[in-house]
Amino acid sequence: MMVKYSKEKDEINVFDLIDVDYKIIIDTGESGINANVMLCIYGDKDISKNIPLRLTKNNIEAKFDQNSRLEFHLKEIDVGKVNYFLIIL
Numbered sequence: 002m003m004v005k006y007s008k009e010k011d012e013i014n015v016f017d018l019i020d021v022d023y024k025i026i027i028d029t030g031e032s033g034i035n036a037n038v039m040l041c042i043y044g045d046k047d048i049s050k051n052i053p054l055r056l057t058k059n060n061i062e063a064k065f066d067q068n069s070r071l072e073f074h075l076k077e078i079d080v081g082k083v084n085y086f087l088i089i090l
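In this note's numbering, the protein residues as written are 2 to 90.
One or more of the hints may lead you astray.
What the hints assert, rightly or not - Quick list of in silico lysine to aspartate or glutamate cross-link-like pairs, EDC-like style, CA-CA up to 16 Å: (1) K58 x D28; (2) K82 x E31; (3) K46 x E72; (4) K58 x E31; (5) K76 x D22; (6) K24 x D66; (7) K50 x E77; (8) K24 x E72; (9) K58 x D79; (10) K82 x D20; (11) K50 x D28; (12) K64 x D22; (13) K64 x E31; (14) K82 x D22; (15) K76 x E31; (16) K76 x D20; (17) K46 x D79; (18) K50 x D79; (19) K82 x D28; (20) K50 x E31; (21) K46 x D28; (22) K58 x E72; (23) K64 x D20.
Keep in mind the hints are simulated off the structure, nothing from the lab.
Take the sequences, apply the hints, and build the full model.
Structure below.
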């Protein structure tokens, strides 16, 4: 399984100073999984909560089938520079 990400900051909202948008792309490769998948983002400033990956960016139920690519847009705390991800099955 391969995970790519990008952190996007548009403009600052005074009511939402600590949240940023993350774009997560997961490629499953030759082995799909049939499980409830969660993601945790570890950064140099903070760690996110365990984030359930249930709906893709198009609000479609996430199915981690063989050779699939799923894209998620998540709003989470700013963890700073992302060091690594933990994928929980």
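A quick look at each hint next to the structure:
Simply put, K58 and D28 have alpha-carbon atoms about 15 Å apart, close enough for the 16 Å limit, and the pair holds. Note on K82 and E31: the hinted pairing is violated, with a Cα-Cα distance of about 30 Å set against a maximum of 16 Å. Among the hinted pairs, K46 with E72 is inconsistent with the structure: their alpha-carbon atoms are about 25 Å apart, more than 16 Å. Restraint check: the Cα-Cα separation between K58 and E31 comes to about 23 Å, which exceeds 16 Å; the hinted pair is violated.
Taking the CA atoms of K76 and D22, the gap is about 5 Å. The hint holds against a cut of 16 Å. Pair hint K24 plus D66 does not hold up; C-alpha atoms about 20 Å apart against a cutoff of 16 Å. Restraint check for K50 and E77: the C-alpha separation of about 8 Å stays at or below 16 Å, so the hint holds. Our distance criterion of 16 Å between C-alpha atoms is met by K24 and E72, whose separation comes to about 7 Å.
A C-alpha spacing of about 19 Å is found between K58 and D79, which places the hinted pair above 16 Å, so the restraint is violated. Between the alpha carbons of K82 and D20 the distance comes to roughly 14 Å, so the proposed pair stays at or under 16 Å and holds. Taking the CA atoms of K50 and D28, the gap is near 22 Å; set against the 16 Å cutoff, the hint is violated. Between the alpha carbons of K64 and D22 the distance comes to roughly 22 Å, so the proposed pair goes past 16 Å and is violated.
Pair hint K64 plus E31 holds up; C-alpha atoms about 14 Å apart against a cutoff of 16 Å. Taking the CA atoms of K82 and D22, the gap is about 13 Å. The hint holds against a cut of 16 Å. Taking the CA atoms of K76 and E31, the gap is about 29 Å. The hint is violated against a cut of 16 Å. Restraint check: the Cα-Cα separation between K76 and D20 comes to about 6 Å, which is no more than 16 Å; the hinted pair holds.
For the suggested pair K46 and D79, the alpha carbons sit about 8 Å apart, so the restraint of at most 16 Å is met. Between K50 and D79 the alpha-carbon distance is near 11 Å, which keeps this suggested pair within the 16 Å criterion. A distance of roughly 22 Å separates the Cα atoms of K82 and D28; the hinted pair therefore is violated under the 16 Å criterion. Restraint check: the Cα-Cα separation between K50 and E31 comes to about 28 Å, which exceeds 16 Å; the hinted pair is violated.
For the suggested pair K46 and D28, the alpha carbons sit about 27 Å apart, so the restraint of at most 16 Å is broken. For the proposed pair K58 and E72, the alpha carbon gap of about 6 Å is at most 16 Å, so the pair holds. The straight-line distance between the Cα atoms of K64 and D20 is roughly 27 Å, outside the 16 Å bound, and the hint therefore fails.
Hints 2, 3, 4, 6, 9, 11, 12, 15, 19, 20, 21 and 23 from the earlier list are contradicted by this structure; the remaining hints agree with it.
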